[in-house]
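Participant: These protein sequence lines are chains A and B, in that order. With the working numbering applied, the first sequence closes on residue 258, and no number is skipped along the way. With the working numbering applied, the second sequence closes on residue 280, and no number is skipped along the way.
Treat the hints with care, as some may be off.
[As the list claims (entries may be wrong)] From the derived model, a few chain A residues whose C-beta atoms are all more than 12 Å from chain B:
| no. | residue |
| --- | --- |
| 1 | TYR87 |
| 2 | ASN95 |
| 3 | VAL145 |
[Unchecked claim] Label-pair ranges, simulated between beta-carbon atoms:
| no. | chain 1 | residue 1 | chain 2 | residue 2 | range |
| --- | --- | --- | --- | --- | --- |
| 4 | A | MET246 | B | VAL114 | 58 to 64 Å |
| 5 | B | VAL110 | A | PHE195 | 49 to 55 Å |
| 6 | B | SER170 | A | LEU170 | 44 to 50 Å |
| 7 | B | VAL114 | A | VAL161 | 19 to 25 Å |
| 8 | A | LEU166 | B | LEU236 | 39 to 45 Å |
[Claimed, not checked] Below, simulated DMTMM-like cross-link-like pairs (lysine to aspartate or glutamate); rule was C-alpha separation at most 25 Å, straight line:
| no. | chain 1 | residue 1 | chain 2 | residue 2 |
| --- | --- | --- | --- | --- |
| 9 | B | LYS169 | B | ASP280 |
| 10 | B | LYS168 | B | ASP146 |
| 11 | A | LYS96 | A | ASP72 |
| 12 | B | LYS258 | A | ASP141 |
| 13 | B | LYS258 | B | ASP225 |
| 14 | A | LYS59 | A | ASP72 |
| 15 | A | LYS130 | B | ASP225 |
| 16 | B | LYS115 | B | ASP215 |
| 17 | A | LYS130 | B | ASP280 |
| 18 | B | LYS168 | B | ASP280 |
| 19 | B | LYS258 | A | GLU202 |
| 20 | B | LYS126 | B | ASP146 |
| 21 | A | LYS253 | A | ASP141 |
| 22 | A | LYS130 | A | ASP141 |
| 23 | B | LYS258 | A | ASP74 |
| 24 | A | LYS96 | A | ASP133 |
| 25 | B | LYS168 | A | ASP133 |
| 26 | B | LYS169 | A | ASP141 |
| 27 | B | LYS169 | B | ASP117 |
| 28 | B | LYS224 | A | ASP141 |
| 29 | B | LYS168 | A | ASP141 |
Treat the hints as calculated values from the structure; they're not laboratory data. Note that the Cβ used here is the ideal one computed from N, Cα and C, for glycine as well.
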Amino acid sequence: MDESSYWNLPSSHLLGSVPAVVNEESEASYGRRGGGVRGYQTLGPPTEGFEQQSQNNWKGVFSISSYTQYFDVDTDVVVNRLISSFYPAGGDFFNKIGANPDLYGLIWITTTLVFMLAAFGNCATYLIQKRTDRTTTWSFDVGYVNAAACGIYGYSLVVPVAFYFLLRYLGSNASLIRFWCMWGYSLSIFIPTAFLLLIPVEILRWIIILVAGTASSCFVTLNLTSYIGGSNDLRMMMIAAFLLQMALAIFIKVWFFP
Amino acid sequence: MSNSHSDTIPLHPSNSQSDIDEIRSLIDDSVHSGPAVVLPARHPASTPPPSSSHFISSNIPPPPPVSSSSSLQKLQSVPAAPPPPPPVGNSSSIVANGFGPPPNTLTEPVLDTVKRDLWRIVSNLKLVVFPNPFREDPGKALRDWDLWGPFFFIVFLGVALSWSASVKKSQVFAVAFALLAAGAVILTLNVLLLGGHIIFFQSLSLLGYCLFPLDVGALICMLKDNVVAKVIIVCLALAWSSWAAYPFMSSAVNPNRKALALYPVLLMYLSVGFLIIAID
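Extracted from the complex, chain B is given alone in its bound form:
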């Protein structure tokens, strides 16, 4: 067996059981580390077809030290390809150790996933919306954007408006949802068309997070019914939202066109604010 692949020297004697274990763990490596690690299939007989569904459920131990002549070449390829960097922004439940692939997020408990996403929403909120003297350059803020937060905020706003409406509730929800969702897309396209530099989904995410103050305003307006109080609350929420969105939008375009990029944002928040005041 060792002479057929003459450029390698077998270190240890092998048995078939460790072969299978090794192959399984190496295929798990390739599943988790993506195309960065290429397993050269030198020994066709011992390479099963990589059907990842069989191997997903295993907890991956580090590759065993036992090697055979045929799997030695595979082992040599594994340390050559460094383990991939972990996904950015994971909380402590996913520990990226330098040795071996990161744990499989498909098999973690649902509670962990939910907690991780909620934590990400909260941290993004803190970065974007809340006054923070250590706020880093807003153009680079929200590296770890996600669309769950904006989705929740838009739906919450639609539900709050629909709740406080006395007639045509479903039409109110539809108008609010369409206005916000289409509005975010159109605002992003507007900046791109004006020659600005933003990333599409990052901008959608940011505009969604900036809705949070209006959500709070809508909630308060749902509970209190006095028109003057509503106007004051909505104006405050509007100012807060615009303050949150301003640096991001204005830094994305040429300074000559700053007002052209900001005006539609103001228009959208103003129309949402008006809907909040007017719906009762």
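In isolation and in its complexed conformation, chain A is listed as follows:
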């Protein structure tokens, strides 16, 4: 394998790129569509309105370079967004994201949460059973991993999509990537919560999960409100978002930390 020649070539612009013919097409239509088909080059985030139209050319779906724009964040940016998601006050998350929403937070926060729920769920179940029945032995239930994965991934992928389509149907301007980003970061508060739920006192667990669930739901609701701008129709959606997040919190408590 002669890898050294690959190593020295400057190839970041070639990662997953499609041949020049397609680029010329996009260049020709540049004036018309205002840079919509820019998925082949990492020139920065596309403009808001053209994100959805640019899927005419589906070849961009299979090349990595059309997704690097969603991962264009540094460590300090991610940490900043994480910290801001812990304080539900102030609905300025979407301003903070600005033109640079990232999917890194969504993917790795959900994955960490799945792992935490599976691991600490087993520990906590063991601890609670030990309190009531001294003779229980530790057993690792692998089904927790499946349940955690299905629950968390399903929630964090489907709920933003549902809201996106609903808002689009009602005529409001919505961006799926920003919704995914926001919902992903809203789950980050459950990670230390999972650790705290190890405490085998039932009443304390309920208090912890309710506090965390409320904080997370407030975060989601306030940001959604400030993004869309209040109006009567959409109040139902805010309440729905709040309730869904609370439902997730209750589900975490009931299934993994019974």
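Using the hints, position chain B against chain A.
Facilitator: Here is chain B on its own, set in the frame of chain A:
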């Protein structure tokens, strides 16, 4: 015969037997040296269709010095195209001499192939995992990557975990295997998406080799059953794995994003370590 191809001068008289031998050896050349050597088919009658299945089994002698007028042109093309460089990293059983094509690896004994692959796994392990003061730049390490090593390590880890599980053994194996295999792919994609420079399969290979310390830890945990000892062993194995994977991953991305690329690696090894401790 010589006048039909007037630009060549026949050196030796020919007979049909050496023609066939020559053509066979030249076609073997083209089979082994790939598209670099093009045989001009000047004399249609004497060029049999290149069905390589007939000629694979021959041991290739160097092209005989006897030439005819028609095959002279073919011979001229052979020295013009230099023999291809041998595949990198072959052990001594494949000797790349400068004259003639390298020996055919399809016809060597299976034991040779197995020994060569095992030797490659061991040498890759030494490069990647073991502390080595002469470790060359880890970004360029593992030129000779392979996927056998990672495959063995992942399967071994799955089997070890499944063995020590008391219930739901097949589900444990499935979770372990899926976690490791999908995890390696996702980690590589993560680095690529963050704008890093790595080669996909080389990274898969490297992440697989870095599982070796966890394999050793899982083996020891299978034999000893004390929880505290398990925790200590797994922590040591985890530290070793992360130490092995760290330079490669961190050199692949922009320094501002180093932590973003390393955190998922840590997460994956941590979850595997937890599985090792927890499964009993």
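Participant: Compare the structure with each hint and give your call.
Facilitator: Hints, one by one, checked against the model:
The non-interface label for A:TYR87 is consistent with chain B: the shortest C-beta to C-beta separation is roughly 22 Å, beyond 12 Å. With a closest Cβ-Cβ approach of about 23 Å to chain B, A:ASN95 is found to remain outside the 12 Å limit, as its non-interface label requires. Distance to chain B contradicts A:VAL145 as a non-interface residue, since its nearest Cβ pair spans about 6 Å, not more than 12 Å. At about 59 Å, the CB distance of A:MET246 to B:VAL114 agrees with the hint of 58 to 64 Å.
Distance hint check: the CB atoms of B:VAL110 and A:PHE195 are about 52 Å apart, consistent with the given range 49 to 55 Å. Checking the proposed 44 to 50 Å range against B:SER170 and A:LEU170 shows it holds: the Cβ atoms sit about 48 Å from each other. Look at B:VAL114 against A:VAL161: about 50 Å separates their beta carbons, and that is not inside 19 to 25 Å. Roughly 51 Å separates the CB atoms of A:LEU166 and B:LEU236, a value that falls outside the hinted 39 to 45 Å.
The hinted pair formed by B:LYS169 and B:ASP280 meets the criterion: a straight-line CA distance of about 11 Å does not exceed 25 Å. The suggested pairing of B:LYS168 with B:ASP146 is violated, with an alpha-carbon distance near 32 Å, which exceeds 25 Å. Taken as a hint, the A:LYS96 and A:ASP72 pair is honoured in the structure, with Cα atoms around 15 Å apart against an allowance of 25 Å. Restraint check: the Cα-Cα separation between B:LYS258 and A:ASP141 comes to about 34 Å, which exceeds 25 Å; the hinted pair is violated.
Between B:LYS258 and B:ASP225 the CA atoms are separated by roughly 37 Å; this puts the pair beyond 25 Å, and the hint is violated. A C-alpha spacing of about 21 Å is found between A:LYS59 and A:ASP72, which places the hinted pair at or below 25 Å, so the restraint holds. Taking the CA atoms of A:LYS130 and B:ASP225, the gap is about 20 Å. The hint holds against a cut of 25 Å. About 22 Å separates the Cα atoms of B:LYS115 and B:ASP215, which keeps this hinted pair within 25 Å; it holds.
Taking the CA atoms of A:LYS130 and B:ASP280, the gap is near 17 Å; set against the 25 Å cutoff, the hint holds. In summary, the hint linking B:LYS168 to B:ASP280 is supported, as the alpha carbons are separated by about 11 Å, within the 25 Å threshold. For the given pair, B:LYS258 sits about 40 Å from A:GLU202 by alpha-carbon distance, which is inconsistent with the 25 Å threshold. For a cut-off of 25 Å, the pair hint linking B:LYS126 to B:ASP146 stands: about 14 Å separates their Cα positions.
With a C-alpha separation of about 16 Å, the suggested pair A:LYS253 and A:ASP141 falls inside the 25 Å cut-off, and the hint holds. Annotation: proposed proximity of A:LYS130 to A:ASP141 holds, straight-line Cα distance about 16 Å (limit 25 Å). Restraint check for B:LYS258 and A:ASP74: satisfied, since their Cα atoms lie roughly 9 Å apart, inside the 25 Å limit. The straight-line distance between the Cα atoms of A:LYS96 and A:ASP133 is roughly 50 Å, outside the 25 Å bound, and the hint therefore fails.
Proposed proximity of B:LYS168 and A:ASP133 is supported: the alpha carbons are some 24 Å apart, at most 25 Å. For the hint pairing B:LYS169 with A:ASP141, the CA-to-CA distance comes to about 11 Å; that is within 25 Å, so the pair holds. Distance restraint check for B:LYS169 and B:ASP117: the Cα-Cα separation of roughly 31 Å exceeds the 25 Å cut-off, and the hinted pair is therefore not satisfied. Proposed proximity of B:LYS224 and A:ASP141 is supported: the alpha carbons are some 21 Å apart, at most 25 Å.
A threshold of 25 Å between alpha carbons decides the hint, and for B:LYS168 with A:ASP141 the separation of about 8 Å falls inside it, so the pair holds.
Violation of the numbered hints given earlier is confined to hints 3, 7, 8, 10, 12, 13, 19, 24, 27; the remaining hints are satisfied by the structure.
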